[in-house]
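**Student:** Residue strings, one per chain:
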Amino acid sequence: MSEPKTHEPAFDTITAEGSVDPKPVVLIAEFETADQLMSAAEKVRDEGFKRWDCHTPYPVHGLDGAMGIRPTILPWIVLGGGFTGFCGGLLMQGWMNGISYPFLISGKPFFSIPASIPVAFELTILLSAFGAFGGMLALNGLPRMFNPLFRSDRFRRATADRFFISIEARDRRFDADSNARFLRGIGANAIEVIEE
Amino acid sequence: MGHKQTIDLSTENRSLGGLSGQLIGFGAVLAVLGLIGTLLLGNLEGAFDSHSEPHAAGGAAHSSDPTHSADHSADHSGGDHGMAHGYVSTWSVWHPYLVSASWLLAICLGAIFFVLIHHVTMASWSTVVRRLAEAVSRNFVLMGLLFIPTLMPGQMGKLYKWIHPDPGDSIIAVKEAYLNYDFFLIRMAIYFLIWIGISFWYHKNSVQQDADGDLKRTTRMAHFSPLGLILFAMSITFAAYDILMSLDAHWFSTIFGVYLFGGSVLSFHAFLALIVIWLQANGRLTRAVSDEHMQDIGKMMFAFTVFWAYIAFSQYMLYWYANIPEETAWFLRRQENMLWGSWGWLLIIGRFLIPFLFIMSKHVKRSRPILAVAAIWVLIMQWADMYYLVMPQINGGEEFPFTMVDITIPIGFLGLFLIGLALSLRGHSLIAEKDPRMPESLAFENA
Numbered sequence: 001m002s003e004p005k006t007h008e009p010a011f012d013t014i015t016a017e018g019s020v021d022p023k024p025v026v027l028i029a030e031f032e033t034a035d036q037l038m039s040a041a042e043k044v045r046d047e048g049f050k051r052w053d054c055h056t057p058y059p060v061h062g063l064d065g066a067m068g069i070r071p072t073i074l075p076w077i078v079l080g081g082g083f084t085g086f087c088g089g090l091l092m093q094g095w096m097n098g099i100s101y102p103f104l105i106s107g108k109p110f111f112s113i114p115a116s117i118p119v120a121f122e123l124t125i126l127l128s129a130f131g132a133f134g135g136m137l138a139l140n141g142l143p144r145m146f147n148p149l150f151r152s153d154r155f156r157r158a159t160a161d162r163f164f165i166s167i168e169a170r171d172r173r174f175d176a177d178s179n180a181r182f183l184r185g186i187g188a189n190a191i192e193v194i195e196e
Numbered sequence: 001m002g003h004k005q006t007i008d009l010s011t012e013n014r015s016l017g018g019l020s021g022q023l024i025g026f027g028a029v030l031a032v033l034g035l036i037g038t039l040l041l042g043n044l045e046g047a048f049d050s051h052s053e054p055h056a057a058g059g060a061a062h063s064s065d066p067t068h069s070a071d072h073s074a075d076h077s078g079g080d081h082g083m084a085h086g087y088v089s090t091w092s093v094w095h096p097y098l099v100s101a102s103w104l105l106a107i108c109l110g111a112i113f114f115v116l117i118h119h120v121t122m123a124s125w126s127t128v129v130r131r132l133a134e135a136v137s138r139n140f141v142l143m144g145l146l147f148i149p150t151l152m153p154g155q156m157g158k159l160y161k162w163i164h165p166d167p168g169d170s171i172i173a174v175k176e177a178y179l180n181y182d183f184f185l186i187r188m189a190i191y192f193l194i195w196i197g198i199s200f201w202y203h204k205n206s207v208q209q210d211a212d213g214d215l216k217r218t219t220r221m222a223h224f225s226p227l228g229l230i231l232f233a234m235s236i237t238f239a240a241y242d243i244l245m246s247l248d249a250h251w252f253s254t255i256f257g258v259y260l261f262g263g264s265v266l267s268f269h270a271f272l273a274l275i276v277i278w279l280q281a282n283g284r285l286t287r288a289v290s291d292e293h294m295q296d297i298g299k300m301m302f303a304f305t306v307f308w309a310y311i312a313f314s315q316y317m318l319y320w321y322a323n324i325p326e327e328t329a330w331f332l333r334r335q336e337n338m339l340w341g342s343w344g345w346l347l348i349i350g351r352f353l354i355p356f357l358f359i360m361s362k363h364v365k366r367s368r369p370i371l372a373v374a375a376i377w378v379l380i381m382q383w384a385d386m387y388y389l390v391m392p393q394i395n396g397g398e399e400f401p402f403t404m405v406d407i408t409i410p411i412g413f414l415g416l417f418l419i420g421l422a423l424s425l426r427g428h429s430l431i432a433e434k435d436p437r438m439p440e441s442l443a444f445e446n447a
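Protein chains in written order, with our numbering: chain A, 1 to 196; chain B, 1 to 447.
This is chain A alone, in the form it adopts within the complex (with noise of 0.2 Å):
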């Protein structure tokens, strides 16, 4: 996408050292605050490209309906591992209190639910914490050590008082130059193209 251009480029481009062979990675537009972040989401939402993200430095409340970002399925994730945790609790201490190692202590049933309850608890809870952490992480891609987004200085704003909206050039509408003009034209107030 790097063909010569006959007018001023609509965006810098940032090439990574010792690339062979450079091709665009992603398409980093910068804007000013988050409102006009937030109406600019909006509108990429709505021209149809699906591997795009927001960053800013703090939390937006709204962003994902801007975003059209659907439900997680973390909470389903949770409840899976809840339940796993307090069948499996229940399971393994019927299995060795009951059947494997079976000791009488003060008259009690060899298994029986109250005394059980508390283990089963246990990993209920214990389960559903896993299930967040992992999920969560197994739904976000992490751990990432690097992203191409790193090699942009402008993009360190984003952690202090700019916001960003980054295009994927695996996004199927992903064209430097139109969408660096679709951007501008959208409020972005600076477009940056990496390569690697």
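Don't read these hints as lab results, they were simulated from the structure. One thing to keep in mind: the hints can contain errors.
[Said to hold, decoys possible] Counterexamples of contact, computed for chain B against chain A with all Cβ distances above 12 Å: (1) Leu39; (2) Thr150; (3) Phe224; (4) Ala309; (5) Leu423.
[Said to hold, decoys possible] Simulated DEER-style distance windows between Cβ atoms: (6) A:Pro114 / B:Ala443: 38 to 48 Å; (7) A:Met96 / B:Ile349: 40 to 50 Å; (8) A:Pro143 / B:Met338: 14 to 24 Å; (9) A:Arg144 / B:Leu215: 44 to 54 Å; (10) B:Gly157 / A:Gly107: 19 to 29 Å; (11) A:Ile69 / B:Ser10: 27 to 37 Å; (12) A:Arg144 / B:Gly197: 51 to 61 Å; (13) A:Asp171 / B:Lys362: 49 to 59 Å; (14) A:Met136 / B:Ile186: 47 to 57 Å; (15) B:Ile324 / A:Gly65: 26 to 36 Å; (16) B:Leu318 / A:Phe103: 15 to 25 Å; (17) B:His363 / A:Arg173: 29 to 39 Å; (18) B:Ala443 / A:Trp95: 45 to 55 Å.
Every residue, glycine too, gets a C-beta built ideally from N, C-alpha and C.
Since the structure of chain A is already known, use the hints to place chain B on it.
**Tutor:** Positioned in the frame of chain A, the structure of chain B alone reads:
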């Protein structure tokens, strides 16, 4: 965050206005229905006859009760009497009365806790509904009035066996320094003084802030709240011991106050959800209290459903495991026969499992009609829980003491409660107008 405009409170309809008459009217209808129903059905069932037994077995239970509960209390009684009971032996209309009074008292206790915890944590999500909680907590006056009849010596004697213990009942004898009529009255007076004092003081300061906007009031209310919470914790614990646990004076459970507390906070949030839904259906506070606030009220209902179950199970498991006769007696009465055993399952399933699974979803919490169904269910279950604490004491739980007054008395009390609520809600804003955290609360969103 500039993208979302904070709601302009001045455009909200935020006074009760004509609704107060409607609420008082509805409350009056319920109260009259309850009163007539209680008198009519109670008379039909012989509830008011001085010596009648609505259940034929009642009279016999005292002298010839052969059950386990009598057996091991005999072990401790030491005397030759051998039939000492720590529990009440016969049904009286004051039992359903106590069930219903405890049911509504729990809602008031939850309300006062809500106000105190709001100030102690400097919460902001709940600022929009705090005035409603303050109004509910003022119903402690009504609860005090409703409890007075149960404190008369005659009624006390019917409810609490420790007033006239069996001769040779050494278990009650050693508790006499605490469980005696005079001290009981003093304690009840202290509880209600604490509750009424806290609720009126917070309500007064909050309403006066509407007028003068004095920020010092917020600081003052926050500064008092830790002490208020300690007073609340002590009073609800001992009130639970006195009002409900001492029905069986042989039995004791240190967690009993927490058990009542869990149910109280749960049922208060259910009641709060119903008030908000009712107000919004009538065009009050329609935007000030948003889906986000409803979701948080729902979250509290969910959390305290689990908390109640946790406490209830903690109490049960320790006694089940230790298996000491004087501790298990209370539970034996409640699970050794079909009736109370089923009632126990009703609580496990109806008070824990069903709300747990039902309120879990975010969509349920954010939908007002569905949340209203959950809230009504939770309030019915709170009543069922109080029933389970009081009624199995009758005849050692040998029979099911259900009569129609079990339904008519709660209806009448609920009517009085709604009248009290209307009187507390009218005459000022439904929202803490000039609370400094109000803008934050109005803009509240779940992350």
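**Student:** Does Ala309 of chain B clear chain A by more than 12 Å, comparing its Cβ with all Cβ atoms of that chain?
**Tutor:** violated (10 Å)
**Student:** Using the Cβ atoms, figure out if His363 of chain B sits within 29 to 39 Å of Arg173 of chain A.
**Tutor:** holds (32 Å)
**Student:** Does the Cβ distance between Met136 of chain A and Ile186 of chain B fall inside 47 to 57 Å?
**Tutor:** Hint holds: Cβ distance 55 Å, inside 47 to 57 Å.
**Student:** Does the hinted range 27 to 37 Å hold for Ile69 of chain A and Ser10 of chain B at CB?
**Tutor:** Since the Cβ atoms of Ile69 of chain A and Ser10 of chain B sit about 35 Å apart, the hinted range of 27 to 37 Å holds.
**Student:** Holds or violated: 26 to 36 Å for the Cβ distance of Ile324 of chain B and Gly65 of chain A?
**Tutor:** violated (58 Å)
**Student:** Hey, does Thr150 of chain B actually stay past 12 Å from chain A on C-beta?
**Tutor:** Thr150 of chain B clear of chain A: closest Cβ-Cβ about 34 Å, beyond 12 Å.
**Student:** With d taken as the least Cβ-Cβ distance between Leu39 of chain B and chain A, does d exceed 12 Å?
**Tutor:** Given a closest Cβ separation of 44 Å, the condition holds.
**Student:** Given the hint of 40 to 50 Å, check if Met96 of chain A and Ile349 of chain B actually sit that far apart at their C-beta atoms.
**Tutor:** Violated, at about 28 Å.
**Student:** For the hint 49 to 59 Å, verify it against the beta carbon of Asp171 of chain A and that of Lys362 of chain B.
**Tutor:** violated (30 Å)
**Student:** Run the C-beta distances from Phe224 of chain B to all of chain A and say if the shortest one exceeds 12 Å.
**Tutor:** holds (33 Å)
**Student:** Within 19 to 29 Å: is that where the Cβ-Cβ distance between Gly157 of chain B and Gly107 of chain A falls?
**Tutor:** 40 Å Cβ-Cβ, so the 19 to 29 Å window is violated.
**Student:** Has the hinted range 51 to 61 Å been met by the Cβ atoms of Arg144 of chain A and Gly197 of chain B?
**Tutor:** Holds - the Cβ-Cβ distance for Arg144 of chain A and Gly197 of chain B, about 58 Å, lies within 51 to 61 Å.
Checked against the numbered hints given earlier, the structure breaks hints 4, 7, 8, 10, 13 and 15 and satisfies all the rest.
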